[in-house]
Every structure is written in C-alpha cells, then in structure tokens.
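The lines below spell out each chain.
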Amino acid sequence: MTTISAIALTIVALPAMGADAERPPEPATVRFPYDISTTELDNGLRVVAVPMPTPGVVAWEVRMSVGSGSETEKGRTGFAHFFEHLMFHGTETLPRERRLGELLRLGVDDGGWTWLDETTYPALLPASSLPRWIDIEADLFQHLALTPEGVRREAGAVYGEFRKSSANPENVLEDRLMEKMFGTHPYGHSTLGFEEDIAAMPDSWEAARAFFDAWYRPEHATLVVAGDVQPEALFAAVTEAFGPWERAEHPPVDPGPPAERPPARVTLTWETPTEPVLLMDWRVPAYGEEGHEALDWAADLLTAPGGPLDTRLVRDGLARSAYATVYPTVQAGILAIRVAAADAEDLPRIEEIVREEVARLAENADAATMDTMRVRQRYALLSGLDDPARVADFVGHRVRRDRDPAAIDARLTAHANITPGEVEEAAARWLKPDDAFVGIVVGGGQ
Amino acid sequence: MIGLWLLACGPKIDPGPAPALVALQPAPLVLRPVPGAPDLYLQAMIRAGSAFDPTGKEGLADLMARALVEAGAGERTSEEVDAALWPTANGFRVVVEREWVQLRLRCHQDQAALCAELFTDALVAPRFDEADVLRLRDRAVSAVTDGMLADEELLGREVLEATLYEGHPYGHPTRGRSGALEVIGVDDLAAFHRTHVVRSSVIVGLAGAVDDAIVASVSDRLLALPQTLAPELPLQQPVSVDGPRLVAVDTATPVTGLWLGTPIDLDRNDEDWPAVWLATMALGAHRSSWGRLYRTLRADRGLNYGDYAYIEPWLERGSSTWQDQGTLRSQNRFAVWIRPTSVENGPFALRLALDELGRWHDDGLSETQFEDARSFLRSTIPVLAADPGRRLTYALEARATGTPDLQEDLAARLDALTLDQVNEAVRRHISLDALTVVAVSGEAQAFVDAVTSDTPTPMSPPSPDAALAERDAAVAARPTGIDADQAWVVEAAGIFR
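Keeping their order, the protein sequence lines are chains A and B. Each residue of the first sequence is one higher than the one before, counting from 1 in the working numbering. Each residue of the second sequence is one higher than the one before, counting from 1 in the working numbering.
Among the clues, some could well be false.
[To be verified] So the derived label-pair ranges between C-beta atoms look like this:
1. Asp-415(B) to Tyr-323(A): 42 to 50 Å
2. Glu-79(B) to Ala-210(A): 51 to 59 Å
3. Val-34(B) to Ala-380(A): 57 to 65 Å
4. Ser-366(B) to Arg-132(A): 17 to 25 Å
5. Leu-114(B) to Asp-434(A): 41 to 49 Å
6. His-361(B) to Ser-321(A): 39 to 47 Å
7. Thr-325(A) to Ala-83(B): 16 to 24 Å
[Said to hold, decoys possible] So, partial list: chain A residues that the calculated Cβ filter (under 10 Å) puts toward chain B:
8. Pro-55
9. Glu-196
10. Leu-268
11. Ser-321
12. Thr-329
[Unchecked claim] Computed list of chain B residues with no C-beta within reach of chain A, every gap over 12 Å:
13. Pro-169
14. Ile-214
15. Arg-221
16. Leu-233
17. Ala-446
18. Ala-474
Think of the hints as simulated: they come from the structure by calculation, not from any bench. Backbone N, C-alpha and C define an ideal beta-carbon position, used for all residues, glycine too.
Using the sequences and the hints given, assemble the complete structure.
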C-alpha cells in the first residue's frame with residue numbers, strides 16, 4: 001500500500017484581469033485548494049481523502065467505472081442504471097429494511113446516479129457515523145443480495161423512471177441524437193436503456209448477477225471521502241473492510257472506440273405545445289485527449305456574457321437561452337450546444353447563426369475574453385468549494401478518470417494555459433460547421 | 001402592513017417600535033461573520049412573493065424579482081451586470097414563493113466590494129430596462145405554457161395549489177398566468193418595486209467573510225430603500241370542501257402522476273409543528289427511500305419512481321434531498337406527490353396511496369419508525385447547514401417570518417417529542433376526509449371513471465411478492481370516496497392562461 005499526498009496551497013501567478021494585453025501571459029500554475037491523500041489497496045481499490053474544515057460532516061462517494069457506455073450486450077441496455085437501483089437492496093447480513101433503519105439512525109443521506117462512464121453512490125453523513133458506514137458499504141459492495149423477486153420489483157421502478165423521462169420532449173430528442181452520433185456503440189443508447197430492454201428487466205436476474213460479478217469489483221471502484229476526515233484512520237478502516245473484496249476473474253468486454261458516423265439531423269414533433277429547442281452536437285476528443293481542454297474553452301467563449309451566442313441569440317431576442325458544454329466522457333467527447341428558441345419559426349436562422357459563430361471561432365478566439373475567463377476559473381476554485389459534497393464530486397470525477405490525484409493540478413494548470421491559438425486550432429479541426437449532429441423539437445401546431 | 005405583521009407573528013423577536021417608526025428605520029441587517037471564511041454571502045428576504053400579485057397581473061412579483069438582477073441596476077445595464085459578475089464565477093440566485101422573495105449572492109472576499117455594490121444596486125436601484133423586461137416576460141409566458149406542459153409533475157403540483165386555493169392569493173403559479181403576463185409593462189414593475197421593496201419589507205443578511213467596511217457599505221446603501229410601510233397581505237381561509245374531489249388533467253403522455261392535498265392550520269410557531277413534520281417525513285421524505293409511501297408503492301411494488309409528502313412548500317435545494325429555506329407561507333397545506341406510473345396502474349396507485357395514508361393517519365407511526373425518523377432528522381441538522389450561507393438563510397427565514405431558527409431549536413424540540421404526541425398531532429392537524437386529488441394523465445377520463453366506480457382496479461402485473469397479495473386485493477377494491485359529480489377533467493393546454 002502506498003500513500004501519496006499532493007500538497008496543495010493555493011493558485012498562484014494567474015494574470016490579473018486587465019493585464020497588459022501586449023505582454024504574453026505568464027505561465028500559471030494552478031493548485032487545488034485542499035490537500036488530497038490517496039492510497040490504493042492491494043485489490044486495486046483507489047481511496048481518496050480530502051480533509052476540509054467541516055466539523056462533524058463528511059461527504060462520501062463510491063464511483064464505479066461502469067456506466068451505460070459499458071453495456072455491450074444486446075438486449076441488456078440500461079443495466080448499469082438498473083444496478084444503481086439494486087444496490088439499495090442490502091445484503092444477507094443487513095437486508096433492505098434493516099439497512100434503511102440503520103441508515104436513519106446513523107443519519108446517512110445516500111443516493112446514486114448513473115451516466116455514460118460511471119455509476120456513483122454519494123452520501124452525506126455525520127463524521128461520527130463514518131466507521132459504521134464503511135462497514136455497511138463494504139458489506140454491500142461485496143455481498144449484495146440479489147434475488148429474482150428483488151430484481152422483478154425494482155424493474156418496475158426503473159420503468160417508472162423511464163416513463164417520467166420520456167414525458168419530457170427534450171430527453172427523447174437527446175436520446176435520438178445520441179443514437180445518430182454513436183449508432184450501435186453503447187454511447188448510442190440512453191442511460192435508462194431501450195424501452196424493450198427495460199420491459200424485459202423483470203426476468204433478468206441471471207444477467208444481473210453476471211453484470212454484478214463482472215463490474216462491481218475493486219479495480220473498477222474509486223472511494224472518496226471529503227470533510228471532517230483523517231486520512232490515515234480512513235485508510236486503515238477501509239483496508240480492513242474492503243480488503244477482502246476480490247478482483248474479477250476476467251476483464252469486462254471493452255466496447256472499443258465508437259466508429260465515425262456521418263452528420264445527421266433529427267426533428268421531433270411533440271404532440272402538445274413545448275418550448276422549441278435546437279441541439280447541435282459535435283463529436284470531439286474525449287476527456288484527457290489532445291484538444292479536449294481547448295474545446296472546453298471554445299464552449300465557454302461561445303456562450304460567455306457578451307459572447308457571440310449571448311449577443312446574437314439571447315440579447316437579440318431570438319433565443320430564451322443558449323448553452324454550450326463539453327461532456328467529460330472518456331470514450332468519445334461531445335461538444336453540445338443547446339438553444340431554446342423564442343419562436344419555432346426562427347430555428348433555421350438560429351442554426352445558421354450557431355454555424356457562423358462556430359466557424360468564426362476557428363478564425364479568432366478572443367484573447368481578452370479568455371483572460372477574463374482565467375480569472376473566472378480561478379474563483380470557481382477559490383469560491384464555492386466549501387461544500388464537502390461538491391469537493392467529493394470534483395475530486396472523484398477526476399481521480400476516477402486519471403487515477404492519480406496529482407493529475408488534478410496538472411490538468412487545471414494545462415487548462416489555465418490554453419492559448420487563443422490552441423482554441424482556434426481545435427475549433428478548426430473539430431467543430432466544422434457541417435459536421436454537426438442537429439436535433440430539433442417543436443410542439444404541436446408550431 | 002409589515003410592521004404589524006411582524007408584531008403579530010413574531011413572539012421570538014423584540015416587538016420594537018410602533019409601525020410608523022418601523023417604516024422609518026433602516027431595513028434590519030442580520031450578521032453572521034465567520035472568521036477565516038473565504039466567501040462573503042449576501043442575502044435578502046423581501047416580503048413581495050406572488051401572493052402580492054394584483055388581480056389580472058399574476059406573475060408581476062416573480063417578474064419584478066427576476067428583473068432586479070437581469071434588467072440592469074444602478075449604473076449598469078444587464079450586460080454590464082453579467083460582465084461584472086462573470087469573473088467572480090458566481091451569480092445571483094432568486095427564489096420566489098407565495099409570500100417571500102429571496103435574493104442571494106456569494107462572492108470570494110477578494111470581490112466583496114464589487115458584490116456588495118451589485119447586490120444592493122439590485123435591491124434599491126433596479127433599472128427595469130425595457131428590452132430586458134420584455135425578454136424576461138417572454139420567458140415567463142413560455143414557462144407557464146410550454147414549460148409547464150413539458151413538466152407534467154410540476155403541472156400537477158400547480159393544479160393542486162390552484163384547486164386548494166381557488167380565489168385565494170396563493171391560487172396561481174408564482175410565474176403567473178400567460179394572459180396576465182402579456183399585459184405587464186415596465187411601469188408595473190417599477191410601481192411594484194416602489195411599493196413592496198421598502199425598508200419595512202426587506203431583511204438583509206451578511207455571512208462568512210464579513211468585515212466592518214462591508215457592513216458599513218451595505219447599511220449605507222440600504223438607506224435608499226423607501227421609508228414607507230409595505231402593504232398587508234390579506235389572506236382569507238382557503239375554500240372548505242365537504243368531501244374528496246378529483247381534478248384530472250388530460251395530457252398526451254401515456255402515464256398517470258398524482259398530487260393529493262388538503263389545507264392545514266399549522267406553522268413552525270405551533271408547538272405541534274415538529275411532531276407533524278417528523279410524521280410527514282416518516283410518511284414521505286422528499287426524494288428519499290425511507291418514507292412509508294416510497295416503501296409501499298415503489299420499493300415493495302415497483303409502481304413508480306418515488307412517493308413523497310410535505311407540510312410546507314418544497315423548493316429543492318440544488319439536486320439534494322433537502323428543502324431550500326426561506327420559502328415559508330403563513331398558511332400551509334399537507335401534500336402528497338405520487339410520481340408517474342403507467343396509465344393502467346394509475347387507479348391502483350391512488351387507492352394504495354390512500355390506503356397507506358389512512359394507516360399512517362389512523363394507526364400512526366410505530367415506535368421504531370418514530371425513533372428512526374427522529375434519529376435521522378436530529379443527526380442531519382448540522383449537515384443541512386454545512387456552510388455559512390445556509391446558516392444565514394435559516395437565520396433570515398426565522399427573523400423574517402417570526403418563527404424559530406430550526407438550526408438553533410429543532411434538536412431540542414425533537415428530543416422532547418413522544419410517539420403519542422406525534423400520532424395525536426397528526427390526527428389533530430390533518431384530516432383526510434376532504435382530500436383534493438389531482439391526476440395528470442394521458443387517459444384522464446378513463447382514470448376518473450375507474451376511481452369513481454366500485455369496479456376493482458388491480459395492479460398489473462400483480463406484485464411478485466405473495467405476502468402483499470392480500471392487501472393488494474383489498475386495496476384494488478378500496479373505495480376512493482370520490483363521487484362522480486366531484487370529479488372533473490380539464491385540458492392541459494392553456495390551463496394557466
């Protein structure tokens with residue numbers, strides 16, 4: 001067992017807002033504002049502690065490196081998410097009802113979420129409950145009690161979630177667009193899964209068992225505790241409780257990188273009135289790949305206050321809102337732009353403006369705006385990271401992907417030093433206006 | 001008038017001077033400095049929620065509140081406000097409920113002076129620039145038309161409020177009605193601000209990195225608030241009904257979601273409040289898996305995604321399972337949220353929810369349920385206010401509404417409870433005899449027909465658990481008590497016109 005401690009102080013040497021434009025910006029070193037201690041158990045479980053001044057409160061997170069993007073088996077889409085539900089069923093030694101009662105007495109507020117690359121189990125709890133909680137979680141991740149009855153019952157709840165989601169036109173549009181972008185690759189189906197696969201979940205106990213055996217293993221897990229925690233005591237307790245967790249006998253099937261797909265267009269007409277929305281997505285480098293960070297800047301440059309989409313769409317009244325983001329996904333990246341139109345008739349004009357501005361970015365990424373954004377990024381780290389749940393999420397997100405907490409500072413630093421030229425280059429290469437996957441939803445009568 | 005209102009409802013605060021003098025005094029400033037805190041938190045509670053909307057201008061309060069921070073303030077246009085805030089990586093948060101508006105801003109201490117200026121400008125010197133106001137108005141219209149239709153669970157909640165509070169100041173969505181919004185102009189916003197955002201209706205709080213200079217600057221700037229008394233909020237009792245009733249909203253989506261509710265006469269000053277709150281959490285803690293409704297409908301039977309219960313308005317705090325503070329009303333309602341199930345199982349879900357509600361109400365919590373709930377709620381009190389901003393919101397809420405600060409006294413009030421007190425308090429304050437049920441359904445008429453008839457509506461497919469079969473058979477045939485002449489189908493489109 002090795003222990004690494006990334007000593008962190010503060011962020012240094014960022015150019016101040018309004019710095020002399022003639023002078024090239026000094027290279028900046030960015031440091032995450034809390035100490036991070038990590039260890040890796042012999043079985044491959046990564047454990048991270050982030051002590052913070054939150055007396056009596058800790059945030060806990062187990063991140064499993066399995067999401068809907070890992071679902072390679074035909075007819076079994078939605079299983080990663082299904083497991084997020086099944087993980088609340090308890091174990092033989094602590095069945096569901098008793099587990100619930102004990103969590104209440106411990107004051108544990110727990111939950112779960114699933115996306116393309118991961119399934120995460122966060123909890124917020126009194127620091128005094130942490131020792132017992134470690135034992136409860138270690139038991140659960142090693143000895144989940146899966147019964148055919150439990151699987152059948154939970155499948156109904158998943159169907160309920162699907163119904164809730166499919167009542168929202170934008171969710172339906174997004175799913176169809178992902179299908180166009182990724183085809184039969186697992187990114188091509190929604191995290192909830194195809195409806196026919198959800199309908200078949202009640203009788204999928206054996207498949208569930210196999211999924212658990214393949215994926216719920218220590219080498220796929222990252223455990224983060226932020227808040228009122230002592231790293232050494234945490235590592236000792238986790239080693240004892242999670243140490244017996246065995247690695248998988250075989251690595252799971254790797255879906256491989258998604259194939260290239262031709263640009264496509266989806267138009268969805270909803271039966272009832274709904275806000276007209278335009279989605280424009282580009283396939284871009286994945287998290288950690290060359291160009292990903294520069295495109296993150298591109299997204300911000302497009303939608304910053306006073307930036308081109310804010311000015312030409314929102315301020316001019318064509319759109320109610322315009323957002324852009326780069327998904328931090330690991331198998332393929334996506335730069336997604338979402339514009340809510342004031343009037344469905346303006347959608348073609350809005351799409352044209354987005355194409356124009358994306359093309360313009362390849363010619364000229366505004367240096368002054370980028371300097372302001374550097375200040376913003378600095379304060380995004382300094383202000384608002386006082387919530388242990390946010391810190392656990394911030395750290396867990398990165399350590400699960402990079403394994404090494406030192407990568408946090410390295411990536412923050414690399415991100416802070418992206419130049420306008422790099423943004424232009426990435427935009428020219430990855431955001432060709434004609435490569436966009438376009439989705440439109442309009443309501444009945446529009 | 002606000003001065004009298006504070007006097008009437010605020011046993012925990014100093015009664016202070018006479019109302020006329022209240023109007024002249026500076027707006028109260030609540031300070032919660034935390035040495036070494038990196039951030040400054042600026043918050044205000046303004047007694048100018050949607051219940052103050054003039055008839056025919058529903059949506060004015062919400063629009064005014066949003067325009068404080070999105071339509072220019074002081075020397076800055078809205079673009080300039082955005083540009084000034086953007087490097088801080090923070091933004092205004094505006095929360096509007098029936099009675100109160102909250103304005104919040106957090107900034108790193110490096111930017112304290114800038115943020116204090118932006119915050120106070122928004123409160124005392126909004127510009128209501130016309131192009132911005134029209135843009136916000138357009139967005140509000142969209143929210144109560146297309147937005148509400150795209151979020152059928154929100155639609156259900158608003159139809160419940162509108163039904164419970166028909167003809168009452170709470171009876172329309174905070175965002176307003178689309179037809180009314182269209183006639184609201186810039187002058188209306190300015191007049192509403194002049195009347196409702198005055199010294200006697202505003203309470204400001206500072207927390208975290210608070211220093212003397214910031215306190216002086218904020219205090220000084222707040223003196224620009226008018227020295228007038230804020231209008232009173234005349235609240236009649238909600239319309240009383242004799243028996244259960246049903247409003248079924250017809251939509252295009254093949255699911256059925258439910259909201260159930262009834263007015264209650266209870267607020268946080270009532271000695272029974274912790275008892276009824278605890279019991280309601282045990283019945284259906286928001287987005288949590290331990291409530292009885294959740295266990296019965298979702299965990300045991302997989303009928304839907306979740307089932308929750310409330311005795312106060314519940315605006316979610318981010319994506320957490322907890323309530324955003326500062327949204328209190330002086331009149332409350334008991335409400336139950338049954339998330340969508342299949343159209344086929346809608347009637348069974350209603351009967352099962354009514355059955356579980358009845359058991360909870362009549363038989364009460366068990367000793368274990370009571371102890372577990374108390375233990376959980378007690379241990380989460382510090383977790384709920386892990387940063388200075390949240391602690392400030394609790395303090396402001398208490399000061400503004402004259403109710404106890406939950407961070408300070410909830411633990412002791414919970415400790416003092418007994419199981420009998422809890423179960424008796426539920427029966428004393430909540431009656432299930434005249435529930436209003438709102439169903440949002442792709443098959444509204446069929447739902448009405450099914451739940452107003454004696455024909456059993458079993459769950460399909462039946463529960464896999466044989467141990468539940470007996471209860472399910474009884475539930476499927478359980479009368480809902482809703483008469484056919486107390487059930488109405490309404491079209492979703494244009495509902496908040």
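We went through each hint and held it up to the structure:
no. : hint                                 : verdict
1   : Asp-415(B) to Tyr-323(A): 42 to 50 Å : holds (47 Å)
2   : Glu-79(B) to Ala-210(A): 51 to 59 Å  : holds (56 Å)
3   : Val-34(B) to Ala-380(A): 57 to 65 Å  : violated (21 Å)
4   : Ser-366(B) to Arg-132(A): 17 to 25 Å : holds (23 Å)
5   : Leu-114(B) to Asp-434(A): 41 to 49 Å : holds (43 Å)
6   : His-361(B) to Ser-321(A): 39 to 47 Å : holds (44 Å)
7   : Thr-325(A) to Ala-83(B): 16 to 24 Å  : holds (21 Å)
8   : Pro-55                               : holds (8 Å)
9   : Glu-196                              : violated (15 Å)
10  : Leu-268                              : violated (12 Å)
11  : Ser-321                              : holds (8 Å)
12  : Thr-329                              : violated (20 Å)
13  : Pro-169                              : holds (28 Å)
14  : Ile-214                              : holds (15 Å)
15  : Arg-221                              : holds (22 Å)
16  : Leu-233                              : holds (31 Å)
17  : Ala-446                              : holds (17 Å)
18  : Ala-474                              : holds (20 Å)
The structure is inconsistent with the numbered hints 3, 9, 10 and 12, although it conforms to all the rest.
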